[in-house]
Amino acid sequence: MKNISKILSVLLLVSGNLVHAQSLDDILKDHYAAIGQDKMIKINTQKMTGKMLQGGVEIPFIQMAKRPDKVRVEGTFQELTFIQTYNGKEGWSLNPFTGATDAQPMSEDQLKSMKYQSDMDGMLWNWKEKGYTTTYEGKDDMEGTSCYKIKVVTKDGDAFTYYIDPDSYVIVRSNSKIKIMGNETDADTYYSNYKQIDGIAIPGKMENKMNGQLAGTIMVDTVYFNTELADSLFDKPVKK
Amino acid sequence: MMKLKVISTFILYLAGMGILQGQITDASFGDIHGRQIGPARMSGRISCIDAVNKNPNIVWVGAAGGGVWKSLNQGTTFKSVFDDQSQSIGSIAIEQSHPDTVWVGTGEVWVRNSVSVGTGIYKTVNGGEKWELMGLPKSERIGRILINPSSPDIVYVAVLGALWGDSEDRGVYKTTDGGKTWTKLLYINPSTGCADMAMDPDNPSILYASMWDFRRQAYTFRSGGPGSGLYKSTDGGATWNKIQNGLPAETLGRIAVAVSQVKPHYLYALVESKKSALYRSLDQGASWEKMSDQTPMGDRPFYFSLIVTDPKDPERIYKPGTSLWVSSDGGKLFQSPSVTGGNYHSDNHALWISPIDNRLIYLGTDGGVYISADKGNTWRFVQSLPVSQFYHVSTDNKDPYNVYGGLQDNGSWMGPSKKSGGIRNCDWKNIGYGDGFYAYGDPSDPDITYSQYQGGRINRTNQRTGESKYLKPFPDEGTSPLRFNWNTPTVFGKKSGWLYVGSQYLYRSKNKGDSFEKISPDLTTNDPMRQVQEKSGGLTIDNSTAENNTTIFSICESPLDENIVWTGTDDGNIQLTTDGGKIWTKLNNNIQGLPPLAFISHIDADNFNKNAAWITVDAHQNGDMNPYIFFTDDLGKTWIPLATKDIVSYCHAIKQDPVNPDLIYLGTEMGLYISIDHGKTWVKFKNKVPETGIYDMTFQRRENDLVLATHGRGIIIIDDLTPLQSITQSVLDKDFAFLPVRPYYFPSGAGIQDFQGDAEFTGPNPSNAATICYYLKKRHVFGEMYIDVYDADGKFLKKLPAGNRKGINMVSVATSMDPPKVPKSPNILGEAAFGPDYFAGTYTLKLIKGADTYTTNLVLNENPELKHSAEERKLQRETLMKAYNMLEELAGIDQRILETHDALKAKSSGLKGSALKKVQALIDNCDKMHEQISATQSGEGGITGQVRLRENIAEIYSAVGGYPGAPTNLQIKALANYEAQVKDFGSKIDQMIKTEIPKVIK
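In the order they appear, the protein sequences are chains A and B. For the first sequence, our numbering assigns the number 240 to the last residue and increments by one with no breaks. For the second sequence, our numbering assigns the number 1002 to the last residue and increments by one with no breaks.
Read the hints as simulated data drawn from the structure, not as lab findings. You may find that some hints are simply not true.
What the hints assert, rightly or not - With a cut-off of at most 27 Å between alpha-carbon atoms, the simulated DSSO-like pairs for lysine-lysine come out as follows:
(1) Lys806(B) x Lys177(A)
(2) Lys684(B) x Lys149(A)
(3) Lys907(B) x Lys239(A)
(4) Lys51(A) x Lys821(B)
(5) Lys777(B) x Lys149(A)
(6) Lys130(B) x Lys684(B)
(7) Lys821(B) x Lys239(A)
(8) Lys795(B) x Lys51(A)
(9) Lys867(B) x Lys398(B)
(10) Lys180(B) x Lys130(B)
(11) Lys177(A) x Lys686(B)
(12) Lys209(A) x Lys806(B)
(13) Lys151(A) x Lys688(B)
(14) Lys799(B) x Lys195(A)
(15) Lys684(B) x Lys139(A)
(16) Lys139(A) x Lys130(B)
(17) Lys928(B) x Lys239(A)
(18) Lys209(A) x Lys419(B)
(19) Lys79(B) x Lys149(A)
(20) Lys177(A) x Lys688(B)
(21) Lys209(A) x Lys846(B)
(22) Lys151(A) x Lys180(B)
(23) Lys151(A) x Lys70(B)
(24) Lys195(A) x Lys806(B)
Claimed, not checked - Just some of the chain B residues that point at chain A, by a computed CB distance under 8 Å:
(25) Thr25
(26) Ala27
(27) His780
(28) Val781
(29) Phe782
(30) Gly783
(31) Glu784
(32) Pro801
(33) Gly807
(34) Asp818
(35) Pro826
(36) Asn827
(37) Ile828
Just so it is clear, CB atoms sit at the ideal spot from N, CA and C, and this is done for glycine as well.
Extracted from the complex, chain B is given alone in its bound form:
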């Protein structure tokens, strides 16, 4: 017995290692990947920029939620180089003496309500190819990195730190060994972080640091407190002294500090106080003079606390903010640098000026990067940064379907999921204003769109006429003033199609928003303490509706019963009605482990069981970044917690697959997770879905796609979920298993002739190839592995390569015959370079893997969009194959002619006199025939303009092959004419071989 037990333990051990049983891992998803379609049309929030001083063509851009992007050509093209780390970037610092060494501090410091979180400081020494986490993993937000130019292993880091709670992991940090070890040099208290730093370029031991006392909560924000202040060190950070002689002797808020690079004793400080102002010191901070308290000096310091000195002119300083301001008199008077231009996005967070040409400026805004070549007068928009920040996403059912969504500070947009030549910026259409959130196309009227913006504002717009109706609910008599979340839930019922809008009450419209009925009492805590947005901001009041609280945040109607509606609030309530809103039940007390007063970030009513629902809870605004997921299947009486340690951050959205009830998708602040076992275990989906916030997801049912709204990397589509929907434990246990894919239809659509240069991001299209799919437990390395294709009659057609990676393999199957053989010519015959498509029908595919053979079918369907009758299609096929066969026949004839020519030529060498003449006449005849069959003139570039029989047939072959309906009458007639010519050449050469040559050559 003992022996048996040990063996079974051993088996379990092996199973745990994945040797006996297949385990799902991120590698299991194999070829299934995200398709990042952008857009870059409106780009997204940029938090920081750095460039190489000696070569400003090399630009590094940090995005608020979209990672790090590098350009080698002054922004013409960008490449993302930081996909596997936190996508929230606080600062970038290039080691200027060795520009391939770059530091990235994660965690944006422009701390709006939707700001993300970082995971520490990273370094690359090879230009971004490989990154190493250098430490400060709890820093959350890093706003400045300063590298000692003469000893680049000495680096100072301004850690702003936690936003939503106290933390001791903040202040000024220093490394002297390139990041191996760190010392905290300046720390005030758990609510005060380092907002900004500056270094004296002549003496890197002289440092300036601004400390900021601040706190954000779900319902309010505080900027300023006793911890705020401005400090100086003259000994490399060992000791610090406050330098506020001349600054207001009162509570201070956020301070930006900058040193002139040409006159380092010029020091500028933008100081938030009751009356925020710019101050200047001409004595390295010993004393300060107030320069300006113009309105822009107090412009939303939590979002724009930045001052940038011109690298050549100590009197010229820039103040990015809602707009860009510049002073050329040391800060006394600020004005816009844009005189003849200025069409750039508002809300500026990053500014870099070239030290070798101070006319060149890079500006980072809420809407991407702009470049000026004239000191900020005019601006060129960078169209290659797809870092847009979506809040929500929906799709319509057009073909191709459109994607709709709203973005941070960039309105609402719609764009196609595919487009000939790729999805370009110009394919996206703006359909709403402000900060966009929910956006939809009306399923019954292709002209109508819905878009929601800040605080419950909703428009229903006719895109054809431009007419727009404002649908925001208003309080009627006896109703309290309405409270709407910044991101107001505006949701269509999955069963009914009715429109739901949440304030503290739930509103329902059965006529597209023309009239609403209030179908709930106040579903929130209605806690007055959480309704203080008018006082929010601390020293600088800031009430944009972003701090509105005690509101409904999530709504979901059951897809199986329109009377069942689930709601979640931003203050922790989960409420359910099962009778269309007559009675509401609060479910909080039934959920063990539910964090109190947290955002119920998403509810997904189960697609298969009307008593079941899935919820995610986001408590990060209470300082708790753990994931929370709960499931009920008894209308909320009992709940099962589903979050595991494999999920590393807080959750925004959860969706149950519409086909496979056990397949669940989870959107978190750091990427997408998938469960194949009803939420018991979760695996991160890494394939081209970066560690960005997945705020929302939707399914496009016809295409069976999953569409992700990311808050930093635009829209990401996972094409064709069919294989994933078939992944089960029993599949994972097999060494090999075919998996189904969505039906294949022959594609349509013409190419485009458009050369827009390289500067524009173009979203890739889905594959339009016929595909087969299979799961491999282990990578195939040794031995044959390929696919043989057979037609319905079992005739072998071709051998194709097979995918051999571990996990799911999506293998494109070429569905065309070999191109026709063509008569010889010095020029390529492009019109005959491709073979005809296979006929629609069922084909057999045999996958040979070593000694094993696995068989499956591939069905090719006619494109239903192309309305051709069966007769027309038949005529097209017959005509096409006729042209194909004629080219092949002509190639054979031409080959016989050329072989005959060569044989005669060989024979002629021994002949003289009339015998030679007779042979030469035959040779000449061969030459003549070949010249009539094929273009024989060669020329550089291949454009000789010669058209012979082969070119004529190929033109018709190409024309008929490119259109699956009936050919034109003249195509058919011309082909008949050419057919006669082909036959004629065949007869002539046959006759020559059979009768003429024997007469001459005995």
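So here's chain A without its partners, still in its complex pose:
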């Protein structure tokens, strides 16, 4: 009888976990713990290298980020380097693939997107202070996994939806609906191959889709934290 009650208690535990209703704060707390948010907030710079795969072409890339809100991305093909920078206020894009020799300033809408990307902590962290509205939308099927669905809406009305894996509490998909020149874009990123680097969970693969169609895949090779990154890296780039 003792064994029966023991097994039943396990069953109840299993069932209890299945039906336990999670609140937004509960989910985010587990999410922060899973990704090592407490360590991430102490990181000042991040440098990531890898390759982007797009239409059968591999493009090595470097992404650099620096607090509070600086970001730079480089992609090289045929020794020509595409560069995007954002220094927190202004942003530029240098695209030699189109024959450009000078960096072009970003539009308001592009700057807005860069501002979102430059948030090293992710949009879910300190969302209240950032002025976002965040809601837990319940569980939703994501390719066969019943994920926690959390929606963040910015003051500009741009919406970001995050699908959090119920086992690992990391993000497995994000969807963004951002208005560009009054038109809403619909982009998805699917995250996987997470690895722990200095106690921080970093996705090793990111698959990007635009309007549901595969746009490209990012495979991460290395991630460095707190390397020296000069502020000038994030200013107007010059052609390499």
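Since the structure of chain A is provided, determine the placement of chain B on it from the hints.
This is chain B only, laid out in the frame that chain A set:
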């Protein structure tokens, strides 16, 4: 013992939760998905339209069987926003003060014989991103939703309700809390529903509702009865009064009602009666004046009962019907609004007029949406709505194969399964008329097509000459008049290739329809009570053959024995012959649970056992929407019922997989189901196959595709069934398992240069990438997962990303080398942006998943369509690789030149006089060599026109790489010439480094 039992119970419990044993779910299908190829060429029946009054660019369209589509640009592009709900749409209502809030009432109300069914009323508050079922789940058909403009939580709903039987879930419903709760306000009797409603724009408490007494049965239709009438409420629906002063004091049928938005005391009613007519009231319904009984006023009320007032002109009203009619004198005289135009599809069901510009009109027809900018004079067809309604589908064996099918009111068509640049509307070819049903290409003559239209009419057409032969069987002496179903079975034998056509008798032709023999007695009930189509329609007689009954509806010859032929009728009979038609046996009594007098909607003779067959039975026309599936393996002596509670609606078609006998596909009114266990359990297939009617299915054997005829979303192809054919319980139990895919051949085909704008739907092509497939029991989230590719010698080639989703993963494998390195330039070298394809052959793929490694092979085959000899292919490969290597070598030489240049430049800073001059000469020489190797001039747009050695080699590299046969003689000669130049640059820089620089710089 007790302990053991409890533990085993626990294990069973866990197994039930899917923890120990893999279970098939809709997620198991993973990356296997439907490819919706349209077409939108003829679009499909549109049942309702609404648009934003202040911004008519935002248009919402409801389709009869194709869901809800939203456009933000006045119909240039549309996006489907309602794929997970019923695809039969009755009405759409935008909350005009907050246009992101939209109500959708499901269930079309244009109640033809093939009309579908709804599942309630839905609401979105975010423009269609997310939908919530707000209630009325048994409403079946909702024809009008009215939102109180000043209190938008108050909403009125006209529920027409059940078509095929009595129901108390109909009438006028109201919510005052945005849909949380509902009150039924007006109800007459179980056969009378609310057909239409209107609201006074100045006083939303004043409402008008028309009630319609009607009933459809498989063999007849009744419009009109004591329940029909027109009602008014002045208190928000709390009380209602009949307002028929001036209307005919006789039995009425269907009534459409409309209020002028500029003069709300102007009220129009289109009233079906013995002599249908338009009436007008100028006193809010207190009295009515007959305005017109022109013929269009009585035009098929069950299909077109609609009147629309102009939002600016109270005297101008539109009457959609077989054609569109307009009156500009308050309804006295109707005429066509099209004076210089008018090339739009007949059968109009929806009309929206812009309140800010009444010249702008959206019209919904049996053939899609049309837009007029001149009050209906001329029309622009919307080419982006793939909501075509197929009845049946077939394919041929061309490469790429063609799809054939017939559509509701849109004839029969053929179109390619893939096409360079995508499958466009113009790729579809019309091959038959009327309402199309069965259509085929002749397997032995590529010019010949067959198409069948209403009531047994069949044409065999030579598409090259246009010659057409009418094949419909006729009664010979002693034969009763033939009865053909609206959707007459016209089927080629799976074993024999003979043509079968069913009336009440089965006809067989062994010469493509040139002569037929009658091979059965009357196989139906031949019940005269069910042969009353000439009286069908109620107040308005309507006998289009759509109500023909007591006919054969399904035919299937065994693929293993041409003497075994199964037939099913529309009045419930299942009959079998095993001797080619000499003796027929009725099997009904052997089937326990067979609903009586129902359509035997489909029979599929088993592909592996000639004694076995699968049938679906559709009883919805008797008011029974349950699924019925039966299987026999003893020539119909005994049957096993296979429908389960997981199947939510009635069934149209069933097909056994041609490779895996346990894999069964089921087409229902609400989507596709798949069984992997011989029909014991069913799982809905949701991946890009919406909840639309799957009327028919066919296999394309060479490509191993399943092709679906949907009645609302066109043709949907599920490419490559090979992985599904390998899914078994033992696979599902594994954490990881490779699954086979169809053989891969290098693709061919050029790109196209054609910019048709964004307004046209283009059907996607199947992937032309080499693919590997595997099953993952659980999504991979943490840890490495990637694919390493090795050649036949075990040499590592590249690392690729792996799919990581739960279920079946179809992963494209890049089958080309890295592009060649090229000399530096400010401009991109597009001709060298891609690497050469791998050689045909077998490659080893290692999938690394955490600590586990799984190995499989990938075989790349030459394209058999490309007829090049082995020598020619070898020469092409050698030439291509030569150019590739030359570019790489030149890149290395150029790099040495540039490095030397930079080193010399650094050294020169400390030099003077002749030493400096000598170094400068070397620097200049480096510059000169680099300028001869690479285009160095940069320019915005990158079009500098400079062609140097790198550009010359790349042009040949690209040309040779683009053609797998022999290169031209001059390509080979030019390459040899460039090779000499490459060597020369290599020698020069080597010489400079080895001998010249040491002389100058000690």
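Hint check:
A C-alpha spacing of about 26 Å is found between lysine 806(B) and lysine 177(A), which places the hinted pair at or below 27 Å, so the restraint holds. Simply put, lysine 684(B) and lysine 149(A) have alpha-carbon atoms about 23 Å apart, close enough for the 27 Å limit, and the pair holds. Between lysine 907(B) and lysine 239(A), the direct Cα distance comes to roughly 25 Å. Compliance with the 27 Å bound is thereby established for this hinted pair. Between lysine 51(A) and lysine 821(B), the direct Cα distance comes to roughly 17 Å. Compliance with the 27 Å bound is thereby established for this hinted pair.
Under the criterion of a C-alpha separation no larger than 27 Å, the hint pairing lysine 777(B) with lysine 149(A) is consistent with the structure, at around 22 Å. Taking the CA atoms of lysine 130(B) and lysine 684(B), the gap is near 21 Å; set against the 27 Å cutoff, the hint holds. The suggested pairing of lysine 821(B) with lysine 239(A) holds, with an alpha-carbon distance near 20 Å, which does not exceed 27 Å. Note on lysine 795(B) and lysine 51(A): the hinted pairing holds, with a Cα-Cα distance of about 22 Å set against a maximum of 27 Å.
Our distance criterion of 27 Å between C-alpha atoms is met by lysine 867(B) and lysine 398(B), whose separation comes to about 17 Å. Proposed proximity of lysine 180(B) and lysine 130(B) is supported: the alpha carbons are some 17 Å apart, at most 27 Å. Note on lysine 177(A) and lysine 686(B): the hinted pairing holds, with a Cα-Cα distance of about 24 Å set against a maximum of 27 Å. Our distance criterion of 27 Å between C-alpha atoms is met by lysine 209(A) and lysine 806(B), whose separation comes to about 18 Å.
About 24 Å separates the Cα atoms of lysine 151(A) and lysine 688(B), which keeps this hinted pair within 27 Å; it holds. Between lysine 799(B) and lysine 195(A), the direct Cα distance comes to roughly 18 Å. Compliance with the 27 Å bound is thereby established for this hinted pair. Our distance criterion of 27 Å between C-alpha atoms is met by lysine 684(B) and lysine 139(A), whose separation comes to about 20 Å. Under the criterion of a C-alpha separation no larger than 27 Å, the hint pairing lysine 139(A) with lysine 130(B) is consistent with the structure, at around 14 Å.
Taken as a hint, the lysine 928(B) and lysine 239(A) pair is honoured in the structure, with Cα atoms around 22 Å apart against an allowance of 27 Å. For the suggested pair lysine 209(A) and lysine 419(B), the alpha carbons sit about 23 Å apart, so the restraint of at most 27 Å is met. Distance restraint check for lysine 79(B) and lysine 149(A): the Cα-Cα separation of roughly 23 Å lies within the 27 Å cut-off, and the hinted pair is therefore satisfied. Straight-line distance between C-alpha atoms of lysine 177(A) and lysine 688(B) comes to about 21 Å, which keeps the hinted pair within the 27 Å bound.
Restraint check: the Cα-Cα separation between lysine 209(A) and lysine 846(B) comes to about 26 Å, which is no more than 27 Å; the hinted pair holds. Note on lysine 151(A) and lysine 180(B): the hinted pairing holds, with a Cα-Cα distance of about 24 Å set against a maximum of 27 Å. Proposed proximity of lysine 151(A) and lysine 70(B) is supported: the alpha carbons are some 23 Å apart, at most 27 Å. Our distance criterion of 27 Å between C-alpha atoms is met by lysine 195(A) and lysine 806(B), whose separation comes to about 19 Å.
Annotation: interface hint on threonine 25(B) holds; nearest CB of chain A at approximately 7 Å, less than 8 Å. Restraint check, alanine 27(B) versus chain A: the minimum CB separation of about 2 Å is within 8 Å; hint holds. Hint status for histidine 780(B) relative to chain A: holds, with the closest Cβ pair at about 6 Å, below 8 Å. For valine 781(B), the suggested interface contact is upheld, since its CB lies about 5 Å from the closest CB of chain A, less than 8 Å.
Hint status for phenylalanine 782(B): holds, given a least beta-carbon distance of 5 Å to chain A, under 8 Å. Hint on glycine 783(B) holds. Least Cβ distance to chain A is approximately 7 Å, under the 8 Å limit. A hinted interface residue such as glutamate 784(B) counts as satisfied when its beta carbon comes closer than 8 Å to some beta carbon of chain A; here the least separation is about 6 Å, so the hint holds. Taking 8 Å as the C-beta contact cut-off toward chain A, the hint placing proline 801(B) at the interface holds, the least distance being around 5 Å.
With a cut of 8 Å, the hint placing glycine 807(B) at the interface with chain A holds, because the nearest CB-to-CB distance is about 6 Å. Interface restraint check for aspartate 818(B): the shortest CB-CB distance to chain A comes to about 7 Å, inside 8 Å, so the restraint holds. For proline 826(B), the suggested interface contact is upheld, since its CB lies about 7 Å from the closest CB of chain A, less than 8 Å. Taking 8 Å as the C-beta contact cut-off toward chain A, the hint placing asparagine 827(B) at the interface holds, the least distance being around 6 Å.
Hint status for isoleucine 828(B) relative to chain A: holds, with the closest Cβ pair at about 5 Å, below 8 Å.
Against the hints set out earlier in the document, no violation occurs for any number.
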